[in-house]
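Colleague: Input sequences plus hints: build the corresponding full structure.
Chains as they are written, first to last, in the numbering used here: chain Z, 1 to 207; chain L, 208 to 724.
Since the hints were made in silico from the structure, they are not lab data. Heads up, a few of these hints could be off.
[To be verified] Covered, in the sense of this in silico footprint (three residues per stretch, anywhere, with C-beta under 8 Å from a C-beta of chain L), are these stretches of chain Z:
hint, region
1, 102-108
2, 131-143
[Said to hold, decoys possible] Here are the in silico distance ranges between beta carbons for each label pair:
hint, chain 1, residue 1, chain 2, residue 2, range
3, L, Ala389, Z, Ile76, 37 to 45 Å
4, L, Lys386, Z, Ser55, 34 to 42 Å
5, L, Arg565, Z, Trp117, 30 to 38 Å
These numbers come from a predicted model, not from an experiment. All C-beta atoms, glycine included, are put in the ideal place defined by N, C-alpha and C.
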Amino acid sequence: MTSHTTLHRTISFTPDAKLAPPENSSMSSTTKTGRRRRSSSIIYQEPPETVEQISDQAVNPNLNSQWVNAKGAWTIHPVIIIGLKIFFDIIPGVTQEISWTLTNITYMTGSYLMFHWVRGVPFEFNAGAYDHLNMWEQIDNGDQYTPAKKFLLTVPIVLFLLSTHYTHYDLTYFIINFLALMAVVIPKLPLAHRMRFAPFSGAPPDD
Amino acid sequence: MATTSNLTTASDVLSTHIFSILNSVSEQFHKLPGSAIFLRYVKSSYQNDPVRSAVELFLVLFAIRYLLARSYSTKPGKVRLTEEEIDDLVDEWQPEPLVGKNTIFEDADLEKRAVIVGPTGPKCRLQTGRTVTNLASYNFYNLVSNEQLKERAIQTLRTYGVGPCGPPGFYGTQDVHMKIEADIAAFLGTTACIIYAQAFSAASSVIPAFSKRGDIIVADKAVNYSIRKGLQISRSQVRWYEHGDMADLERVLARVQKEQAAKKQLTRRFIVTEGLFENTGDMVDLPKIIELKLKYKFRLILDESWSFGVLGRTGRGVTEHQHVDAAEVDMIIGSMAGPLTAAGGFCAGSDEVVEHQRLSAAAYTFSAALPAMSAVTASETLTMLQTQPDMITSLRENTRIMWQQLDPRSDWMTCTSVPENPIMMMVFKADVINSKRLSLEDQTLLIQDIVDECLAQGVLVTRAKALSAAASGAKSDIYTHRPALKICLTNGLSKKEVEKAGTTVRHAITKIVTKKK
Numbered sequence: 001m002t003s004h005t006t007l008h009r010t011i012s013f014t015p016d017a018k019l020a021p022p023e024n025s026s027m028s029s030t031t032k033t034g035r036r037r038r039s040s041s042i043i044y045q046e047p048p049e050t051v052e053q054i055s056d057q058a059v060n061p062n063l064n065s066q067w068v069n070a071k072g073a074w075t076i077h078p079v080i081i082i083g084l085k086i087f088f089d090i091i092p093g094v095t096q097e098i099s100w101t102l103t104n105i106t107y108m109t110g111s112y113l114m115f116h117w118v119r120g121v122p123f124e125f126n127a128g129a130y131d132h133l134n135m136w137e138q139i140d141n142g143d144q145y146t147p148a149k150k151f152l153l154t155v156p157i158v159l160f161l162l163s164t165h166y167t168h169y170d171l172t173y174f175i176i177n178f179l180a181l182m183a184v185v186i187p188k189l190p191l192a193h194r195m196r197f198a199p200f201s202g203a204p205p206d207d
Numbered sequence: 208m209a210t211t212s213n214l215t216t217a218s219d220v221l222s223t224h225i226f227s228i229l230n231s232v233s234e235q236f237h238k239l240p241g242s243a244i245f246l247r248y249v250k251s252s253y254q255n256d257p258v259r260s261a262v263e264l265f266l267v268l269f270a271i272r273y274l275l276a277r278s279y280s281t282k283p284g285k286v287r288l289t290e291e292e293i294d295d296l297v298d299e300w301q302p303e304p305l306v307g308k309n310t311i312f313e314d315a316d317l318e319k320r321a322v323i324v325g326p327t328g329p330k331c332r333l334q335t336g337r338t339v340t341n342l343a344s345y346n347f348y349n350l351v352s353n354e355q356l357k358e359r360a361i362q363t364l365r366t367y368g369v370g371p372c373g374p375p376g377f378y379g380t381q382d383v384h385m386k387i388e389a390d391i392a393a394f395l396g397t398t399a400c401i402i403y404a405q406a407f408s409a410a411s412s413v414i415p416a417f418s419k420r421g422d423i424i425v426a427d428k429a430v431n432y433s434i435r436k437g438l439q440i441s442r443s444q445v446r447w448y449e450h451g452d453m454a455d456l457e458r459v460l461a462r463v464q465k466e467q468a469a470k471k472q473l474t475r476r477f478i479v480t481e482g483l484f485e486n487t488g489d490m491v492d493l494p495k496i497i498e499l500k501l502k503y504k505f506r507l508i509l510d511e512s513w514s515f516g517v518l519g520r521t522g523r524g525v526t527e528h529q530h531v532d533a534a535e536v537d538m539i540i541g542s543m544a545g546p547l548t549a550a551g552g553f554c555a556g557s558d559e560v561v562e563h564q565r566l567s568a569a570a571y572t573f574s575a576a577l578p579a580m581s582a583v584t585a586s587e588t589l590t591m592l593q594t595q596p597d598m599i600t601s602l603r604e605n606t607r608i609m610w611q612q613l614d615p616r617s618d619w620m621t622c623t624s625v626p627e628n629p630i631m632m633m634v635f636k637a638d639v640i641n642s643k644r645l646s647l648e649d650q651t652l653l654i655q656d657i658v659d660e661c662l663a664q665g666v667l668v669t670r671a672k673a674l675s676a677a678a679s680g681a682k683s684d685i686y687t688h689r690p691a692l693k694i695c696l697t698n699g700l701s702k703k704e705v706e707k708a709g710t711t712v713r714h715a716i717t718k719i720v721t722k723k724k
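Modeller: Right, here's the structure in full:
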C-alpha cells in the first residue's frame, strides 16, 4: 500500500537512442543516487529529482517558465533591445560604438540574470519543487531544442553580429561583446543542462 | 606508363567535375537578388582579420545548426511506443481488483469480529445476543450514554441543521464554531484556537502549514500515522530520535544546529512529539523538551490527541499535568473526537499561529466545517469537565484498579502505558518473548487469541491495530509496532465490574499463553 506515485517500467522496450541527452562524462562518477562523488566537486551535475519532487512538479503547470511560449514573449526581446539602444543613444557623449556595446552588455546581463542565475519559482504553489533549477532548465520541462529555446539562443547571436558590424570590427569592442555573448550562450548549450559550477553556485549539497 | 596516365585522367575528370558543380552553384547564387550586396558586405567585413571572421562564421554556422536540431526530452525513462506495441499492451492488460484478496488471518479475523447491535456503552449488546463489558471503545467519561448531551445535541440539530455546507472560510463558520474555539483556548490557557472538522486530518494539516521543503523536523520515532502523513506531505527533512529518549533528542538537535551553523543556513526547525503516545501509551517529558527547545532554538508541535481531556487535575492535558505553561508550546494539536467524544480536532497556539492556519492549513480551507451538533457537544463536554472534576478522579480510580489486576500480577504481559492513561497497552514481557522465541506474528496471533478468549468470557477488549510505519513514505522502517492488547477504561463501569473484568483478562492471558507451548 504505497502512497507515493510509482513510475511503472513493466515494458521492456529499449528507449530510443536519439532521446538520450549528451552524457556529461567529465570527472563525475554517477552512483545510484547520483550524489556521492569524491572525485570532483567543482563541476557537478544537479542530481535527478526525487519522487516527491516529481509529483510536486506535476501538480500544477509551471507558471514561471510557461510564459516564454505565450503571445508577445518573443516580440518583447527586439522591443527591449530597441528600447535599450534608444536609451543609450539619448545619453549625451555616447558614440555609436559605445551605445551598441552597452546595449549588448545590458541585454546579455539581464538575460543571464533572468534565465541562468536565479533559481526556483517566485510563486508559492508547488512547495519548492523547482528550487534547484534555474529558469532555462525549467522551460518546456527540460526539453532541449524547443522553439522557445531556439529563439532565445538566436537573439543574442544576432545582436552580437550586429554590434560587431556597427563597431567597425574594432578589436577591443569585439572582445567585450564576445565575452558577453559567451556568458549567455554557454549556459544555454545542452551539455550545460543541470551542470553546476561550484565557485558560482556553492558546494554540492549532501543528501 | 599507362597506369599513371589513367590516374591523371581520373583525377582530372574528378576535378573538372567539381569545378563544373561549383560554377553552376555560383551562377545560381548570382541570380539571387541581393547576392551582390551580400558578397560585397562579406568581403568588406573581412578587414584583414581572419580569426575574427572565422569566429563570426563559426557563430553563424552554430546558430544554423542549433536552429535545425530536433527537439528531445531530458527526462529519464521516456519511452516512445509504436502503435502496434500500444495495441499489444492494451490487449494484454488485466485489471487488478480494487480490493485485494484477504489473507487467511484477515478472513479469520473478520469471522470472529464482534458486532455491536444498538448504541455502544460500558455494557453493549452483541449481534450474537450476549451482553458484554465493553473495554474496547473510547468512552472514558461514559459520555455516549449521557442524556443531557443527547438533549443538547438534538436541540442543536433542530436549530442548525446537519452540516455547515461549506468550508469554514466560505460561509461555513457558525457562532458555535467560534464559541468552541474560544472555549478551548480559554480552557487550555493559550491565546487562540482553530477547529478542524476531522481529528485525523488536524495533525497532518498543521505540520505542512508551517514546515515546508527545506525545513528541518525532529520527530519521535513512535509518532502516530496522522503525524507521519503530515511529515511526508510537508516535504521537510525529517530526523528521528529514539522514542522517549531525551539524550538522543539532544544529540540530534545538536547535530542539526552544528550542520546549519557550518552551512550558515537558518531554516525553520520543529520538534514533533505527542502528549500521550497512541502507539505505546506513555507520556512525553515536556519540561525537558521545553528546555531543549529553548536551548537549541526549535519550535515545538505537540499532538495532544489522547491527553487533552485526560491528563491534569482538570483535564487540560499534559501541560497541566507536568506544570508547564501552555504558551511555551508553539502549537498544541488536539482531538475532540477522543476523550471529549464529540468530533473534530483543534490546534491551539498564539494569535499568529492560528491566523496563519486560517489560510494555509489544507484541512481548514479545503474541507467542510464541523457540524454544529459536534461543536456544541464539545462545548458541553468541556463545561462538564470543568464543573464535574469527580469524572476524572473516578476514571483514574478505575484505571488504577485495572492496573492492580493486570500489571504486577500477570506473569506474561506488562503495560507500557503510564498509570494516568485510561488506554492500557499490554505487551508481552521481554523474558517471555525470549524464552518462547515469539516473532511479531506469533505475538499478534497470541493476542488475537487472548481477545477471543476474553470475549468468550464476556469482556470485549481489542488488539492494537496500526498501519505499518513504512506505509507513510519513510525510506526504511523507522519504527516497528509491538503487538499489544488494548484495554480502554471507562467511568461507566463500577469498581467491582472493573475488578471482575481485570481478573477475566488476566486469566485469559494465562490460559492462552500457557496453552501454546
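Colleague: Against the range 34 to 42 Å, how does the distance between the Cβ atoms of lysine 386 (chain L) and serine 55 (chain Z) compare: consistent or not?
Modeller: Since lysine 386 (chain L) and serine 55 (chain Z) have Cβ atoms about 40 Å apart, the given range 34 to 42 Å holds.
Colleague: Would you say the region 102-108 of chain Z counts as covered by chain L, given the rule of at least 3 residues with C-beta under 8 Å?
Modeller: violated (count 0)
Colleague: With a Cβ-Cβ cutoff of 8 Å, does the region 131-143 of chain Z contain at least three residues near chain L?
Modeller: holds (count 4)
Colleague: May I ask you to test the hint 37 to 45 Å on the CB atoms belonging to alanine 389 (chain L) and isoleucine 76 (chain Z)?
Modeller: Since alanine 389 (chain L) and isoleucine 76 (chain Z) have Cβ atoms about 54 Å apart, the given range 37 to 45 Å is violated.
Colleague: Within 30 to 38 Å: is that where the Cβ-Cβ distance between arginine 565 (chain L) and tryptophan 117 (chain Z) falls?
Modeller: About 36 Å separates the Cβ atoms of arginine 565 (chain L) and tryptophan 117 (chain Z), which means 30 to 38 Å holds.
Checked against the numbered hints listed earlier, the structure breaks hints 1, 3; every other hint is satisfied.
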